[in-house]
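S.K.: Given next are the chains, with one letter for each unit.
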Amino acid sequence: MILLIQYTLIFASVLTLVALGGCISEHSGVINLGLEGIMIMGALGGALTLKYISPSLPAALIVLAVIVTSMLCGLIYSLLLAIACINFKADQTLVGTALNMLAAASATVIVKTINIAENPDNVSSTVQYVQTKKALVMNIGSMQLNWFIPVAVIALIAAFVMLYRTRFGLRLMACGEHPQAADSVGINVYKMRGFGVIISGMLAGIGGIVYITAGVSEWKFEVGVAGFGFLALAVMIFGQWKPLNIGLAALLFGFFRALSNVYSGFDFLSALNIPGSVYNMMPYIISLIVLAFTSSRSRAPKAEGIPYDKGSR
Amino acid sequence: MESSSEYAIEMLGITKRFPGIIANDNVTVQLRKGEIHALLGENGAGKSTLMSVLFGLYQAEEGIIKKDGREVTIKNPNDANDLGIGMVHQHFKLVQCFTVLDNIILGDETVKHGLLQKNVSRKKIVELSDRYGLKVDPDAVIEDITVGMQQRTEILKMLYRDNEILIFDEPTAVLTPAEIDELMKIMKNLAKEGKSILFISHKLAEIMAVADRCTVLRRGKCIGTVNIKDTNPNELSRMMVGRDVQLVAEKEESVPGEVILHVENLSVPSRLHHKNAVSNVSFDVRAGEIVCIAGIDGNGQTELVYGLSGLENCSSGKILLGGKDITNAPIRERSVSGMSHIPEDRHKHGLVMDYSLAYNLVLQRYFEAEFSTSAGFLKKAEINKYADRLIEAFDIRSGQGAPTIVRSMSGGNQQKAIIAREIDKNPDILLAVQPTRGLDVGAIERVHRDIIAHRDKGHAILLVSLELEEVMSLSDRILVMYEGEIVGEFDPKKTTPEELGLYMAGARRAAS
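Keeping their order, the protein sequence lines are chains U and D.
Okay, so the first sequence: first residue is 1 according to my numbering, each after it adds one.
Okay, so the second sequence: first residue is 1 according to my numbering, each after it adds one.
This is chain D alone, in the form it adopts within the complex (with noise of 0.2 Å):
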């Protein structure tokens, strides 16, 4: 079908509001054909609620949505469908014990005499995956596959749907760097092929790499759309965020004091496989400074912080805190001793989901005098009082404050009441394993700051992240990790990414 619209899909004067504010306000984006489109805002700022309009999960108060140029009204994610609207949603929806195949045909299946004709449905995915270079294996079962190759799974769902306007939802967040670059050449791929793209991120370095124009919310306003060409990550994070940010961590030199963490030959069992994913590990960590843990995802460092935080007994080897042997402590020992951990997988190791915003907050302090009685009655009022001090200090931003379930509350703030619990712990060792994780450059400036904040108390941190950004502009000293070894040790000031990335994909190691 033909038209003279220049625009594949207007979204003209949307407002969406919620009970105590408008998620949504006057927002207009104009995809046009072929383009990729950058969708950039803070967390919070109505990128999703925008994006659940334009899929029919929500409905608009105000606005209207064209299509080619003629109004349509989308009532639920069938009838974006039937537009040609896809969308690859942040957590995939894709059916785990499914293979690849049944995944993508599933709600848009080819039958014969009531039974499935799952060949005539392999041969087009098969041309599909050829055509745009996405590379599957029809047949695998989905837990075994990496993520990559899931994602890539969401995209030829929109394929063969035949869909021409294609919606990411922050794509990367779950991405190794390796599979975000080709991410990225599908994306621009796609769209050479005629597809028009609207890509949802708050990483500056991305927009940049893919997109031709960006629209930018702000606390659901749209501040503008530029073209990536004629604007620079400064003006972009600008703003995003209102004012100037800093795109990368000042700090002081850092002065490294006694030994607080000491690791011994450490072994750590996986859980994988029978064999060790940490083996014969040894680091000092000392007070005053930040050592990072740098490593492509899944060389050990998951398994290293279980074994350090006691989520995982180790199977060898010894840990000391402050000169105190912890090996085989229990976690709550540890926690009194002064461990705080940010674990890597929030719901599961963070929060209690539908526990409230202050329990939470209280989580590893609740037998504290100050939480509860003697008598083992929680103090309801002390505890309040405290999550709202939390609240206020690190900007949790959440519906009802205190009270909030915590489910209820956007990943990014999730991520901050974490940051905030462990932190206001005061304690000796900080492990905080990605702890910006899915944060935007705001969130992500501040909790840099905080963590060389703690580090200026003369605390140890020992971080663990996945991006090399973060690893030089954070790290006092920097240990790379290559399948459940330590491979080499580097000051961030005599090193390039270059140098790092050979050593974290075992093309070097240090003479040890």
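Pulled out of the complex, with its shape left as it was, chain U reads as follows (with noise of 0.2 Å):
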């Protein structure tokens, strides 16, 4: 039981720190279907920075660099979406779509270079981070929970705080809904949907070494990040682009992928002698089933996906 809470709050984290990363990016009028690119990426330079970095080093500053490496891996990513869809006027789908690709490719590529270079023999994709990433674990009583889960909900905190009371969040939410308007008042709406991106990049880029750091101490990169990005969008659109609504959606998407992870450990689940891949699917087949009944009445940001033009009426 204890084990299925811990796993569900990990989950609900990731899927909180990229759904809000997709949230703030589509409010300033960009789709960001590239979530699980910068993911991978981001869990990339997490990954690296557990590896190489000294185990002796004090907790604190490990989870504090592992973030900030995720973060700055996320951001450098994602200006790729964000001068393709912006400067270039792109289509986003495309580009947050070649994002996904590129990014679970190269990411292999590299780990498997590195890994020859270590050893000729090893061509892995793996990177295995066993020793520091106990720094990562917090335990609060019995339940061995990690830092990553206050950091979700100082997000979740502050992206409520920043789109509905501060000056920055009006602007930015009126550049995906009406940008013209926004540009009327004297708002450059090229340069709030480039802020809109930048941060889901480095929302996303922190949820992704949140997800590959759940449980196991190695990741094989080349399984990427098994759609968690796409589940994060879902959860966004569950949540109807609203940062608290998208928390407890994310706790539900959570439940169920801690569910496929857990389950064995409930007698009477497993006395249902159901496959094990059943439970793998369900978060999956939740979001599609949510999606067909939420989708039709959903409120997504009006201009987003359009690229801004100055010039058309």
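It is possible that part of the hints are untrue.
Said to hold, decoys possible - Have a look at the derived ranges for each label pair, beta carbon to beta carbon:
hint, chain 1, residue 1, chain 2, residue 2, range
1, D, Y366, U, K302, 29 to 39 Å
2, U, L288, D, G376, 33 to 43 Å
3, D, V111, U, M138, 33 to 43 Å
To be verified - 20 Å max Cα-Cα, derived EDC-like pairs, lysine to aspartate or glutamate:
hint, chain 1, residue 1, chain 2, residue 2
4, D, K93, U, D267
5, U, K191, D, D108
6, D, K203, D, D230
7, D, K67, D, E10
8, D, K318, D, E264
9, D, K75, U, D309
10, U, K310, D, D79
11, D, K251, D, E264
12, D, K229, D, E258
13, U, K310, D, D354
14, D, K251, D, D491
15, U, K302, D, E143
16, D, K221, D, E250
17, U, K302, D, D244
18, D, K318, D, E258
19, U, K242, D, E143
20, U, K89, D, D354
21, U, K191, D, E109
22, D, K93, U, E222
Quick caveat, the hints were computed from the structure, so don't treat them as lab data.
Values in this document were obtained by computation on a predicted structure and should not be read as measured data.
Virtual Cβ for every residue (Gly too), placed ideally from N, Cα, C.
Join the two chains, each given in its own frame, into one complex according to the hints.
M.R.: Dropping the structure here:
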């Protein structure tokens, strides 16, 4: 039972972080389909930091270093989307998809190169961080949580305050709803959209490292992040682009994802004798069902996906 | 800041060229402090370009702009804002899902420690709205409020920024008659409080009612500035169009023939609520007559036309077109059976905005043998030839003729394209919904003539209009709609606008 709560919280943190990223980007008017790819890049940066950083450093410093590198990797990678879609007005769906393919492939290549350089016989795409991963753990009673959970909660609150209580948030959402209106009152739409994408890159980057350190002590980059970036998009839509709803939606999806990790620990579930793959499929099936019922009345930002052009009427 | 100049803004000798066209040719407009100055001109006369120059959206090649007697440069809307120039755009620049308050403060927010201070802003907005009589609910969401209140929000946006010079770009195009009266009062009030107003319009009655002076533009040139006191609508329209214009349509007595459109107990559901928007409506339209549906916007006219044209399924009742039951017929079948439709929303139902003018002109006929081969390929040359003929015949002005992308054309010419397409189909029944919306007097005269000519050929016309003047001058028979029902039938020669108004407002209804 404790294990279930533990995993639910961790997976919910991943989904919250990444979905918030998507939400902020879309509120600025850019659809970020590249979340999956950005997660992989963030995960790669974080995993390599964990691999090379000295385990003797204070735990807080390790956590900080991991978060900062993941964030930076996510940020830099998301700049590709920002420049292509905002400056060059490229199709956002295509660029996002390209980012996903590029990230999975290049992360594998990078990790394999590193592994081969260390040991010519090792052609795997796995990064190990057994020692340093301990620094991420946070124990509350008998529950083994990690430091990323409070980070996700802080991000959630910060996103809420930013969107609804600050000047930046008001302007950001205006750019996603009606960029011509924002422009007419002197707001630089291109700049605001750039910020939206960059913030989403940072959040998705952290989300990536949180995902691959949830439970395991090594990660095989060939598998990417198993569609969690897309699951986060589903969370965002189910959460109606509102931070607090996204938090709740993430808990729901996180719960089903956690169930697949720990179902064998529940006697009544293992007694049902359902194959493990069914549990693995659960979050994705749930997202299909949920989206089928909610997306028809969804309130996406009106101008999302449409490149802003000052000249058009 | 006091200054000796009597003018708030002067635009002197402004020339602005676009490839192939001089939009403004040595135009001079001087706006006195505290006056309402109208800018009158046909569609495409250069009014919008001139205002875009003043608002910093375009740079003029020649000419200078003076504020309070001193020369200024305006490079972008922010410069205009800093000089106290504000503009209510024809298409409102409001974020639909924001509140009135959020829209007003956007771009000029009050913050403390990085957080928005909405209470401070709310106080200022309430003060402004009381002072100028602009009723708004600061916490209402834009998409839930009326167009009139949206416009008041736009005005408050300018006042909130302490703008002294207010530009109104065709502000009445989207308003109901009652809202127009209200706006006129507000504008006079603003001028009394010392604001200087530039009022862009092509509606003579409004200019006569509210403006102090009027500058007339024609094809980019400045024709002159006149005092409203010393002029009359005929002179203004002559200045604007360059010839005498008939402000009231002239037509022969109608000779109604057989019934073309027969509507029996028709009900159409509403998209907004669960009740019927049109309930139990019956009427006939005969060959050779213009029947007009009058009413205040939102009383079921839109849905009635949706039902007749097939855009919406009817919940009950019967529609016969020339004796044939088309109640549940698809739109294509109605179209080929002799129904034409000039839709209310030309962007949504009238045109494919990113197609060329030529393709838009054959949108309902491309499948005919004249325009496509039996294998289904389009005959481009034939389509272009046909388009050129309509462009010529209906005076549709565009950048490059038939290949012009419709989105780049002015609203008035888009409307002309639809009218050309629908009338040239030579339909037995023409459904025309606000066919002259957004057109200037010259073009209105033209459309009215086309409609009357179509009637005189022995066809039936069902006209829906919100403008009483148009209803009175064009129709042979008037049906008034109120809350989804027809509450009275009138002969335009035996009724008055006042009587119609009472029925339209629901104060009276015919015994049924």
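S.K.: Each hint: holds or not?
M.R.: We went through each hint and held it up to the structure:
1. Y366/D to K302/U: 29 to 39 Å: Given range 29 to 39 Å: holds, Cβ gap about 32 Å.
2. L288/U to G376/D: 33 to 43 Å: 38 Å, holds
3. V111/D to M138/U: 33 to 43 Å: Roughly 35 Å apart at Cβ, these two residues keep to the hinted range, so it holds.
4. K93/D to D267/U: 60 Å, violated
5. K191/U to D108/D: Roughly 17 Å between the alpha carbons, so the hint for K191/U and D108/D holds.
6. K203/D to D230/D: OK: K203/D and D230/D at ~18 Å, within 20 Å.
7. K67/D to E10/D: Holds. K67/D to E10/D sits at ~7 Å (cutoff 20 Å).
8. K318/D to E264/D: 5 Å, holds
9. K75/D to D309/U: 18 Å, holds
10. K310/U to D79/D: 17 Å, holds
11. K251/D to E264/D: 30 Å, violated
12. K229/D to E258/D: The hint is violated at about 50 Å.
13. K310/U to D354/D: 17 Å, holds
14. K251/D to D491/D: Holds, because 15 Å separates the two Cα atoms, which is no more than 20 Å.
15. K302/U to E143/D: 13 Å, holds
16. K221/D to E250/D: 30 Å, violated
17. K302/U to D244/D: Roughly 46 Å between the alpha carbons, so the hint for K302/U and D244/D is violated.
18. K318/D to E258/D: 18 Å, holds
19. K242/U to E143/D: 19 Å, holds
20. K89/U to D354/D: At roughly 18 Å apart (the allowed maximum being 20 Å), D354/D and K89/U satisfy the hint.
21. K191/U to E109/D: 18 Å, holds
22. K93/D to E222/U: Roughly 48 Å separates the two Cα atoms, so the pair is violated.
When the structure is compared with the earlier hints, violations turn up for hints 4, 11, 12, 16, 17, 22 and for no others.
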